Structures are given as structure tokens and as C-alpha cells.
Amino acid sequence: MKQTYAIFQREFKSFFYSPVAYVILALFTALTGVFFYLYLSSFVQASFMDMIRSQQYRMAPQKLNVNLMLIRPYFWNIALISLFTLPTITMRLYSEEKRIGTVELLYTSPITPNQIIIGKFLAGLAFYIVLLLPTMFFQALLFVYGNPEFMPVLSGYIGLILLGSAFISAGLFISTTTENQIIAAIGGFALSLLLWVVGWGANFVGPGLKPILDYVSIINHFEDFAQGVIDTSHIAYYILFSFLGLYFSLKTIESVKWRA
Amino acid sequence: MIDVKGLTRYYGEKRAISDVTFHVNKGEILGLLGPNAAGKTTTMRILTCYMPPTSGSATIGGFDIFESSMDVRRITGYLPENPPLYTDMRVDDYLDFVAKLKGVEKDKQASEIDRVIEKTSLGEVRKRIIGKLSKGYKQRVGLAQSLLNDPDIIILDEPTVGLDPKQIIEIRDLIKNLRGEHTVILSSHILPEIEQTCERVVIINEGKVVAEDTVDNLTSRLKGGQRMTLLVEGNEERVRKSLQPITDIKTLNFESQKDGIWQISVESEKDVRKEVARQIVSANLGLLELSPDRFTLEDIFLQLTTKEEVA
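Quick note, the sequences are listed as chains G and U, same order. Residue 3 in numbering that gives the first Met the number 0 sits at position 4 of the first sequence, and the numbers go up by one each step. Residue 236 in numbering that gives the first Met the number 0 sits at position 237 of the second sequence, and the numbers go up by one each step.
Incorrect hints may appear among the rest.
Here are the simulated EDC-like pairs of lysine to aspartate or glutamate, each with C-alpha atoms no more than 16 Å apart in a straight line [claimed, not checked]:
#	chain 1	residue 1	chain 2	residue 2
1	G	K12	U	D91
2	U	K257	U	D292
3	G	K97	U	E80
4	G	K12	U	D92
5	U	K126	U	D113
6	G	K12	U	D87
7	U	K273	U	D292
8	U	K118	U	E169
9	U	K118	U	D172
10	U	K107	U	D91
11	G	K1	U	E104
12	U	K13	U	D172
13	U	K118	U	D91
14	U	K126	U	D87
15	G	K1	U	D106
16	U	K25	U	D149
17	U	K4	U	D18
18	U	K25	U	D151
A partial selection of chain U residues facing chain G, derived with a Cβ cut-off under 8 Å [what the hints assert, rightly or not]:
#	residue
19	T47
20	R72
21	P79
22	D87
23	F96
24	K240
Worth flagging that the hints you see were computed from the coordinates, not collected in a lab. All of these numbers come straight from a predicted model, not from anything done at the bench. Idealized CB from N, CA, C, for every residue including glycine.
Whenever a hint applies, use it, and build me the whole structure from the sequences.
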């Protein structure tokens, strides 16, 4: 436990030692900020048009739903941006250790591979939560100037964190296989994207394969969270997915170590 | 303290070490000597539980490297050939991390870090970023790391490689100071280093142990003869003639220097320095220099590794 925390602490701090983290943080904030602005503008415009229309035709204005028209698509958007961003976080998690040779320190210290992997995974997840902070600030503005429902926002973030942990475990796995960060980033991105789009293929395959592809698709399980529904089967999917990623990471480092 | 039995390790088809067996006593400094790619690093990596052997076994401090690898890791400090440093961290942050990794108790952590910093004289740079330090300092940070948690056994893989002469002397003195309290294995391909710091030597070549003995024993094994080098002014013929009466001389080797000066290597059964000097002087030749050559570890090493018989 103490050792896991040591790994976590060092890894999390090391994000902020390198300029990469700040670049990622800035770009992520800028992108999510721009999308927030665009969604907000279109929402404001839509409600304005609605108001004018209701005055013209002397009808009661339709109450436009912020959660439905703004918050829900915005969560989708953050998920998409995360897809592109998270590989840049996970790429260094393990590859860096291999490249600079610090794996020799880790493997010869009284610490198990489990502790290493879990510490690193949690550090990646913690950094992702830091990335999400600005978007929470944006959404808080909605609560200041309007009164959206809170629970869908909460469930959306729960969904994002679960989705993020699935991406991070996949990225971590790729990172354990190579000492080249570029390969780790591209590989992590490709794997995440593949898992994202695999659900689209479900429409073109036979009835036997369709439910499988639907289930595997990483984003299908996110839909409910964005709508404000917390379904344990989706939680189970993400947790299972993350465990699988961690398990594969573990097996890679053990096999590298014990390959004769 | 360390018992190594029949370690063999394959990398795919290639055999890195085969049947490596040796023993290290408590409190002693053992030198692991061999040319590059002889299998020194592989041996050390197996002993530090970095990777398992293909076959064979080893116990360190009574713990088997296979069965109780966590206990082995707890009592072993290891400095790999390339110091495992996080170059973006500061020295004391790094040592703090390693201390936690090695499970140093929280209340002892600060004093333990101070102790190794003092031991490796890193005081002035403890707040600096590791990546900005010179090679010598980096090596010392690596060494400091291996000393954390006061391990019984310290394994150092070519600790002085790439350092300047002053730094080499500093690191060597530091290693010598570890004697007694710690059991040290040190690898090197630099012979004087092993000669100066180690009590016993294991010589490895092409993955096999070719000799295991004390430095003194190894050199005396070659003392079947005496050697010396002469610098003489005169001509070859006259020198040969003057030395002829000394029957103990086995070989004479002439090498022409400039201005009629000869450098002559003499090998003999026993010590013939006095006779040689007398003969040359009485033959009216100019004796410029006479120096005995000791058989060094270098000679042993070359003999063993070039598959010649040890005299």
C-alpha cells in the first residue's frame, strides 16, 4: 500500500515536472471551453428564437431543457476529446521507465508488479480528473445563471471517470509493451478508437455478432450516464474493462521479466 | 552471505552465462571481472531479482532468489550500469521516493536520506534537478540510492565507468569504506580498480567463471618466474654476451629504442637483478634503468581470457 502510494505520488508529480502536462491541460481546457461556448451560444439562440416565436403567436414559450440540449451533448463532446487526449497521458506511464532504465530500480526494489501498475494507473486517473476540473467550472456557470438538474451532471462525470479509467488502462497496457512513447501514444489511440467505433459495425453484421459488438463498444455504455442514468451493468462493464487492461499490463511486464 | 550455484541464462538461443558458481563471504568485497559482454551484468541482474536464471540457483543472506525474492530485494542495494535516475526530479525528492519504495519507515526516512547524502557527499546538490548534474554526481546519486535502507548486500555494476580520475578515486574510497559492514559485489573490466578495492576476484569470460581466488593468490600463481625490464646503452651483441653467464635467465627480448638504447625484457627462474646489473656494468655498457615487473592481474586476465595456461 505504502509502495503503491509512492509510485502514485511520484508519477502524479512527474506529470507536472514536464511541460507536456501543461500543454495537454491547456489544449484540453481550450477545446472543451470552445465547445462549451458553442453549445451555450446555440442554446441561447434557440431559447431566444423560441421566446420571439411565442410572442408572435401568443403561445406559452416551450421550456427548453438545458440538460437535454446542452449538458448531454457536451458530455459526449468531452468523451470524444478525452479519446484524443488520454493516449498522450498514458504514453509515458511505462515507456518512460523503460527508456531511462528506471525499471531496473523498480524491479529490484521490494515492490510487486501489481503495486507498480496500480500506482501508475491511479496517477493517470488522477491527472484525468485534474483535466476535467475546468469543465466542471464551465458547468457550474450553468447553475449560477440557470437551474439545470444536478443529478445528470453528476452521473455524467461518473461516466466520464469510468470511461477515462477504461481508456487509461488500455493506454497503460500499450505503454508497457514499448519503450517508445510515440508508439505508445499511437497504439493507445488506435486501440481506444477501435473500441469506440466497433459498435458502428454492429449494424452491418449478423444477429449473432451484433450484441457482442454492441457490448464491447466502449462508448455505448456511456450513453446512459450522459442522460443521467446510472446503470450498474455499465459500471460493471467499465470496471471489468479497466481490470482487463491492468491485467494485461501486468502480464506484459511479467513476461518481459521472465522471458528466457 | 552469497551463494551462487550453477547459474545459466539464455537470451533466446544465445547463452549469456553458463554454470556460474561462486561464493561471497560476509563483509567482503568481491570483484567480478571480465571483458565487456562476458556476463557480468546478467549475473548481477539475476542476483538482484531483476530477472530469473534459466537454470541454477542462488541464495542471498539465506534467502533464495526464486522463493523469497522480496526478502532478497529488501536486503540488497543495487546500482545498475546506467544509474536508474528520474532526470526530472530533484536529488532529495528522488531519494525520498526510493526510500519509500524500499519501505524505509516514515520516521527514519529523513535521517536515512541525510545519512546517504553525507556518505556520497551530495550535500551541495541535494536541491538540484538530477538531469542537470554532471556524470560524476549522477553516479553518486545512483550510489546513494543503493545505500538507502542500509542493505546488507550491495551490488554495483561498473560503478566508476565514465568518471574522471578524481571521481574514480572518490567512488573507490567510498566503496572501500563499505567493507566490513556490507557485503559488496563490484563488477568492472578495469583491473587496477579490482586490485585496489577487492579482496577476492571472480573472473568471468564468455559467460563462464574462469577463476575465483584472492588477488594475492592469483598473482602468485603466475610467479613461476621473475620479470624485469632493462634500458641499456650499447649494442645487442655485447649485451647478449655479457648476460650469457647467468644461467637462470630463460628469455631475453630486445627492442631497439633511439640512439643505440635497447629495451630488454628479461624472464628468469629466480631473482637475478644483482647479477644482471653487475654483468652489464662490468662489460662497460651503460645501464640506464632496471625495473622489476610484477605479474599484474592484467596478465592473469589476459592469460585466462585468451585461453592460455596459467604458468
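Quiz item: CA of G/K12 to CA of U/D91, is that 16 Å or under?
Solution: holds, 14 Å
Quiz prompt | Hint check, U/D87 versus chain G [nearest Cβ-Cβ separation less than 8 Å] | solution = holds, 4 Å
Practice problem: Compare the distance between the alpha carbons of U/K126 and U/D113 with 16 Å, and conclude whether the hinted pair is satisfied. | Solution: holds, 13 Å
Quiz item: G/K12 and U/D87: Cα distance at most 16 Å?
Solution: holds, 10 Å
Quiz prompt | Satisfaction of the U/P79 interface hint, Cβ to chain G closer than 8 Å | solution = holds, 4 Å
Quiz prompt | Straight-line alpha-carbon gap U/K118 to U/D91, limit 16 Å | solution = holds, 14 Å
Quiz item: Under the criterion that the straight-line Cα-Cα distance not exceed 16 Å, is the pair U/K273, U/D292 satisfied?
Solution: holds, 15 Å
Quiz item: Does the structure keep U/K25 and U/D151 at a Cα separation of 16 Å or less?
Solution: Holds: U/K25 and U/D151 sit about 9 Å apart, inside 16 Å.
Quiz item: For the pair supplied as a hint, U/K126 and U/D87, is the alpha-carbon distance within the 16 Å limit?
Solution: holds, 12 Å
Quiz prompt | chain G contact restraint on U/R72 - CB to CB distance below 8 Å | solution = holds, 4 Å
Practice problem: For the pair supplied as a hint, U/K257 and U/D292, confirm whether the alpha-carbon distance does not exceed 16 Å. | Solution: At roughly 22 Å apart (the allowed maximum being 16 Å), U/D292 and U/K257 break the hint.
Quiz item: Given the hinted pair U/K13 and U/D172, is their alpha-carbon gap at most 16 Å?
Solution: violated, 37 Å
Hint compliance for this structure: hints 2, 12, 24 are not met, and every other hint is.
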